Amino acid sequence: MPIEKRIALKNIGKYKSSSIDEYLKIGGYKSVKIALKTVPHNIINTIIDSKLRGRGGAGFPTGLKEKYTKEADSSSGHKYIICNADEGEPGTFKDRIIMEKDPHVLLEGMIIAAYAIGATKGYIYIRGEYTDSIHMLRTAITQAKNKGFLGKNILNTKFNLEIKIKLGAGSYLCGEELTLLESLEGKRGYPRIKPPFPAEKGLFGEPTLVNNVETFSHIPYIIEHGTENYKLIGTEDSPGTKIFTISGDVNKPGYYETAMGATLRELIYDFAGGIKNNGKFKAAILGGAAGTFVDKSVLDTPMAFDTLKEKGAVLGSGAIMVMSEDRPIFDMLLSILEFFKHESCGKCVPCRIGTSQLVLLMENAKKDSSNKKKILNQLLFEAEYMAKTSLCPLGQSPILPIKSLKQYFENQF
Amino acid sequence: MDKDEILNRFEPQQDNLLNILHELQNNNPNNFLPTEDLKLVAKYLNTSYSAVYGVVKYYTMFSLKPRGKYVIRLCKSPVCHMIDTNIVLQEIKNNIDIGLGETTNDLLFSVESSECLGRCAEAPVMMVNEKIHKELDSIKISNVLDSIKLNEQNK
Ligand SMILES: Cc1cc2nc3c(=O)[nH]c(=O)nc-3n(C[C@H](O)[C@H](O)[C@H](O)COP(=O)(O)O)c2cc1C
Ligand code: SF4
Ligand code: FES
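Going line by line, the protein sequences match chains A and B.
The first sequence finishes on residue 413 if you use the working numbering, and the numbering steps up by one all the way, no holes.
The second sequence finishes on residue 155 if you use the working numbering, and the numbering steps up by one all the way, no holes.
Calculated from the structure, these hints are not laboratory results.
One should not assume that every hint holds.
[Said to hold, decoys possible] Result set (DMTMM-like, lysine to aspartate or glutamate): computed pairs, CA atoms no more than 20 Å apart in a straight line:
1. LYS282(A) to ASP84(B)
2. LYS187(A) to ASP84(B)
3. LYS187(A) to ASP15(B)
4. LYS252(A) to ASP137(B)
5. LYS276(A) to ASP84(B)
6. LYS131(B) to GLU23(B)
7. LYS341(A) to GLU112(B)
8. LYS201(A) to ASP15(B)
9. LYS187(A) to GLU11(B)
10. LYS39(B) to GLU11(B)
11. LYS276(A) to GLU135(B)
12. LYS282(A) to ASP326(A)
13. LYS57(B) to GLU100(A)
14. LYS252(A) to GLU112(B)
15. LYS231(A) to ASP326(A)
16. LYS57(B) to ASP15(B)
17. LYS252(A) to GLU102(B)
18. LYS147(A) to GLU162(A)
19. LYS10(A) to ASP21(A)
20. LYS101(A) to ASP132(A)
21. LYS252(A) to GLU135(B)
22. LYS69(B) to GLU23(B)
23. LYS145(A) to GLU22(A)
24. LYS131(B) to ASP21(A)
25. LYS149(B) to ASP84(B)
26. LYS10(A) to ASP73(A)
27. LYS69(B) to ASP146(B)
28. LYS57(B) to GLU102(B)
29. LYS164(A) to GLU122(B)
30. LYS57(B) to GLU182(A)
The structure displayed is predicted, hence computed values, not measured ones.
Go ahead and model the full structure; you've got the sequences and the hints to work with.
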């Protein structure tokens, strides 16, 4: 039986998350002490060498992002570091667990990354609904400041860093990194055009590093234990661990961190206790609403960025929404498409009209359920058009669930 | 709390706008942002009223209209939807006789829908102001609502 392997969640349950003293007793902030004695350049090389990939969904190499941000010129002399804690992808709650139960590991990761790229100002952009996480982070930041891990001359070095909390206000799109920058600047959440990327021109037009909560939480482990140890875990292309959040028709829904490459079967049956009421597995949605449907033929595929891609699926945020045999799969698709309709910002026509059109098609399908194949083709046609013409990744996302549903379930209709 | 007092806790910079709006709204007995607040904020940040208005309109957590003292946010994202949000809506309707987007006449409750609240392992869930209520069934929902009503009567 596979076991959980914890890196981002390594301290969970080992200290009271509101007490930095308890955290220090279990060796907290050791990685910051090590890092601040190292040349920034070497830290970036360590992260590059670890092959750590972003855990926010896209899987971009974290070390490279740090390198680009470090090398970019800043006109004001400021560089920024931002933690993306917007966590709005349906089925995902891993970042919340880290922030509520181990806020200091996140701060440690941010402090090290800021030192490495030369950022002096940091922000945690967190969704407004996460009230417990917000309270916990506020406490943790104050405590870290009082102990000299944040503020001026951190640990008696020349390094200064301030971290502030910025609240979102109910927009999924603001989790997209460029839109996040707009929102953080106090504007409406309309996306910016890429490029430039944040590493070049980010917050207030200056070089900015944006990483997900879980990504930052890997850094202390890598600094403390070294890249060789880190790379022993996980797969060649995706080293380390991943937190999977499993929900729906399983006996033990919850969060499980395990080495990248565990199979869906292990996650559902060994960790999450199998299907509820001795039912049969029908489908899972991997990666959230901007994710993919899979059927039982994927149960033994290793869960990692590249292996899933080969199957037309995505790892995404690590969300796994499980459906048992008796669940109507079209109804889940409808719920997902309603989500996109609700979250479309309306700035560009293909997505504003397209997301409504997709829901309308589904509602027609409800009335005449005889021809699901035809509806599926219409949905795909519309979603492909949106993917080609929409301004930002949100409008390019509905194709993921639609295409995968067709791929895996079409012959059941 | 006095509104100026709230404003003065923030540097007068545009990037503090969302934090300020949250704070003002949380301190408003009817969970909303009246026009005078938007004007106040615009002046404080040295920006236009329309810029502030545009932001408030964009974000779903902010309201320009008075809401109940208790705002119920019901998750209707896929997992909660699948486990059963209808039961939650129905029970709320039975108990306080309002549906999505409505406010009770006594201005005690408003009901809104929300996307995934990050508690999918405990679906279906709803938030009442800052507090999460999970693994909802008819009994839990009526307990939550009844205890709020009772509390308010005894005030
Ligand atoms: C519509 C949309 C929503 C997103 N929401 C989030 C989010 O809530 N949290 C997150 O970390 N990344 C989110 N992302 C991904 C970010 O754009 C970005 O890739 C990520 O913050 C980079 O961090 P990482 O490299 O550590 O993964 C979203 C992307 C899109 C297109
Ligand atoms: S694709 Fe959708 S969310 Fe993105 S800019 Fe266009 S309308 Fe807005
Ligand atoms: S789907 Fe309802 S909390 Fe996530």
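Structure-based check of all given hints:
Restraint check for LYS282(A) and ASP84(B): satisfied, since their Cα atoms lie roughly 18 Å apart, inside the 20 Å limit. A distance of roughly 35 Å separates the Cα atoms of LYS187(A) and ASP84(B); the hinted pair therefore is violated under the 20 Å criterion. The suggested pairing of LYS187(A) with ASP15(B) holds, with an alpha-carbon distance near 8 Å, which does not exceed 20 Å. Simply put, LYS252(A) and ASP137(B) have alpha-carbon atoms about 18 Å apart, close enough for the 20 Å limit, and the pair holds.
At most 20 Å may separate the alpha-carbon atoms for a hinted pair to count; LYS276(A) and ASP84(B) meet this at roughly 15 Å. For the suggested pair LYS131(B) and GLU23(B), the alpha carbons sit about 17 Å apart, so the restraint of at most 20 Å is met. Of the supplied pair hints, the one linking LYS341(A) and GLU112(B) holds, its CA atoms being roughly 17 Å apart against a limit of 20 Å. Proposed proximity of LYS201(A) and ASP15(B) is supported: the alpha carbons are some 17 Å apart, at most 20 Å.
At most 20 Å may separate the alpha-carbon atoms for a hinted pair to count; LYS187(A) and GLU11(B) meet this at roughly 16 Å. Among the hinted pairs, LYS39(B) with GLU11(B) is consistent with the structure: their alpha-carbon atoms are about 17 Å apart, no more than 20 Å. For the hint linking LYS276(A) to GLU135(B), the alpha-carbon distance of about 15 Å falls within 20 Å, and the restraint holds. Distance restraint check for LYS282(A) and ASP326(A): the Cα-Cα separation of roughly 8 Å lies within the 20 Å cut-off, and the hinted pair is therefore satisfied.
A hinted pair counts as satisfied when its Cα atoms are at most 20 Å apart, and LYS57(B) with GLU100(A) does not qualify at roughly 30 Å. Taking the CA atoms of LYS252(A) and GLU112(B), the gap is about 29 Å. The hint is violated against a cut of 20 Å. For the hint linking LYS231(A) to ASP326(A), the alpha-carbon distance of about 41 Å lies beyond 20 Å, and the restraint is violated. In summary, the hint linking LYS57(B) to ASP15(B) is supported, as the alpha carbons are separated by about 17 Å, within the 20 Å threshold.
A threshold of 20 Å between alpha carbons decides the hint, and for LYS252(A) with GLU102(B) the separation of about 35 Å lies outside it, so the pair is violated. Our distance criterion of 20 Å between C-alpha atoms is met by LYS147(A) and GLU162(A), whose separation comes to about 13 Å. Restraint check: the Cα-Cα separation between LYS10(A) and ASP21(A) comes to about 17 Å, which is no more than 20 Å; the hinted pair holds. Our distance criterion of 20 Å between C-alpha atoms is met by LYS101(A) and ASP132(A), whose separation comes to about 10 Å.
A hinted pair counts as satisfied when its Cα atoms are at most 20 Å apart, and LYS252(A) with GLU135(B) qualifies at roughly 13 Å. For the given pair, LYS69(B) sits about 15 Å from GLU23(B) by alpha-carbon distance, which is consistent with the 20 Å threshold. At most 20 Å may separate the alpha-carbon atoms for a hinted pair to count; LYS145(A) and GLU22(A) meet this at roughly 16 Å. Restraint check for LYS131(B) and ASP21(A): not satisfied, since their Cα atoms lie roughly 28 Å apart, outside the 20 Å limit.
Among the hinted pairs, LYS149(B) with ASP84(B) is inconsistent with the structure: their alpha-carbon atoms are about 25 Å apart, more than 20 Å. The straight-line distance between the Cα atoms of LYS10(A) and ASP73(A) is roughly 36 Å, outside the 20 Å bound, and the hint therefore fails. Pair hint LYS69(B) plus ASP146(B) holds up; C-alpha atoms about 15 Å apart against a cutoff of 20 Å. Taking the CA atoms of LYS57(B) and GLU102(B), the gap is near 18 Å; set against the 20 Å cutoff, the hint holds.
For the hint pairing LYS164(A) with GLU122(B), the CA-to-CA distance comes to about 30 Å; that exceeds 20 Å, so the pair is violated. With a C-alpha separation of about 15 Å, the suggested pairing of LYS57(B) with GLU182(A) holds against the 20 Å cut-off.
Checked against the numbered hints given earlier, this structure breaks hints 2, 13, 14, 15, 17, 24, 25, 26, 29; the rest are met.
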